[in-house]
Amino acid sequence: MGKPRIALVIGSGSVKCAAALGLMKVFEREKINVDMVVGCSGGSIYASLIALGWSVERATDATLKMWTREVTAKRSNRAILQLALPWIFKFDESFGLIDDRLINRRLRDGFEGASFADTKIPLFVTATDLYNGEQTVLSKGLVADAVRASISIPYIFPPHKMNGRFYVDGYQSDPLPIGVAIREGADIIVAMGFESPYQEHVTSLMRYNFQISSVTSNNLLKTNYAFHNLAHHSEIIPILPEFEHPIKLFDTDKLPYVIEEGERATEQQIPFIKSLLA
Amino acid sequence: MEIKDRAVDGVTVISLMGSIDAMSAPKVTDFIHEQVGKGNTKLVADLSGVDYTSSAGLRVMLGAIKETRSQGGDLRLTGIQPDVSKVLNLSGFANILKLFDDVDSAVASYS
Numbered sequence: 000m001g002k003p004r005i006a007l008v009i010g011s012g013s014v015k016c017a018a019a020l021g022l023m024k025v026f027e028r029e030k031i032n033v034d035m036v037v038g039c040s041g042g043s044i045y046a047s048l049i050a051l052g053w054s055v056e057r058a059t060d061a062t063l064k065m066w067t068r069e070v071t072a073k074r075s076n077r078a079i080l081q082l083a084l085p086w087i088f089k090f091d092e093s094f095g096l097i098d099d100r101l102i103n104r105r106l107r108d109g110f111e112g113a114s115f116a117d118t119k120i121p122l123f124v125t126a127t128d129l130y131n132g133e134q135t136v137l138s139k140g141l142v143a144d145a146v147r148a149s150i151s152i153p154y155i156f157p158p159h160k161m162n163g164r165f166y167v168d169g170y171q172s173d174p175l176p177i178g179v180a181i182r183e184g185a186d187i188i189v190a191m192g193f194e195s196p197y198q199e200h201v202t203s204l205m206r207y208n209f210q211i212s213s214v215t216s217n218n219l220l221k222t223n224y225a226f227h228n229l230a231h232h233s234e235i236i237p238i239l240p241e242f243e244h245p246i247k248l249f250d251t252d253k254l255p256y257v258i259e260e261g262e263r264a265t266e267q268q269i270p271f272i273k274s275l276l277a
Numbered sequence: 000m001e002i003k004d005r006a007v008d009g010v011t012v013i014s015l016m017g018s019i020d021a022m023s024a025p026k027v028t029d030f031i032h033e034q035v036g037k038g039n040t041k042l043v044a045d046l047s048g049v050d051y052t053s054s055a056g057l058r059v060m061l062g063a064i065k066e067t068r069s070q071g072g073d074l075r076l077t078g079i080q081p082d083v084s085k086v087l088n089l090s091g092f093a094n095i096l097k098l099f100d101d102v103d104s105a106v107a108s109y110s
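Chains X and U are the protein sequences, given in the same order.
Read in numbering that gives the first Met the number 0, the first sequence has 106 at position 107, and its numbers run on one by one without any break.
Read in numbering that gives the first Met the number 0, the second sequence has 80 at position 81, and its numbers run on one by one without any break.
Worth flagging that the hints you see were computed from the coordinates, not collected in a lab.
It is possible that part of the hints are untrue.
According to the in silico footprint, chain X covers these stretches of chain U (three or more CB under 8 Å from chain X) [said to hold, decoys possible]: (1) 8-22; (2) 27-38; (3) 44-55; (4) 82-92.
We put the CB at the ideal spot given by N, CA and C, even for glycine.
Take the sequences, apply the hints, and build the full model.
What follows is the structure, given as structure tokens:
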């Protein structure tokens, strides 16, 4: 058998996914090269930054420019009218409570127009086809477009339309898309995943939405993780950073801490990864 | 990987020490297969000495569950360490396995 092909899979988890930058710091230090990167939802941002070969500092700066509270600050008037008067303001699949023009612009600027062809490591971004529920693997075109499709949080951002299809968040088909790495021929799969947080109290429609979403996605995560572990011919190594305090959707001020926890969780697995590569 | 076994009240307690991964999985599989071949289908795996289990470890456990249960026995776990617990929970294996706090409780569960 030749050199094992290593895949890095980064699951959904919003700002927590920045822990993948900590993982890459450790891999660079240990001279462990990754042959492909797969990302879903928040993980697609960091998968893309890693695949483009950007340094941790540059990736952190890009995150701070792209992902701030402002991206969800502006409500979509059309969506509100669609909800209130659906028979007049036709309700359709483009529904999203937030005006997505800012996040679209931020992603385009943040990724500096990069395309999949510019990546140093093969990159695969997953999204979910709204109309048939299938996982779609995006590996061509603009990185910003693929990431936008992958982070289409239901009800919040409108589904992203590409090539005549509407895409919602990648986590809806698989919050930790290890299957993509298996299909692409990976041997050792390093999978960084996060369970979605549960609400302490359900006090609004949006919190109710997030709670239902967490229940569904966490169960999907476990089911798929079990299947992939049993189906894969080689090792799947979970990297599961632990955070003492909850990391919320826009806690970008905690990026250094998140990256540090990613480093710490990765370091625990280094002896095993090295033994597999020896 | 170090493996020891002992019989307690008609139950075979298997103590494992090390990591259950791609390197050690064949040894564990062979050991369990040998036990079942001898008619020892009521198994308790004491994992207090296991610090890590990988995907290969999960496959070993699934194989053991199917082999023992198909012959009227079971594989029950005890002494689960935090890192192993995380993997068992994430994979949903905690839902299909019977887990116990100590060897005595696991053995007693067969009576």
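Hint-by-hint comparison with the structure:
1. 8-22: holds (count 4)
2. 27-38: violated (count 0)
3. 44-55: Per the Cβ count (4), the hint holds.
4. 82-92: With 8 residues close enough to chain X, the hint holds.
In this structure, only the earlier hint numbered 2 is contradicted, and the remaining ones agree with it.
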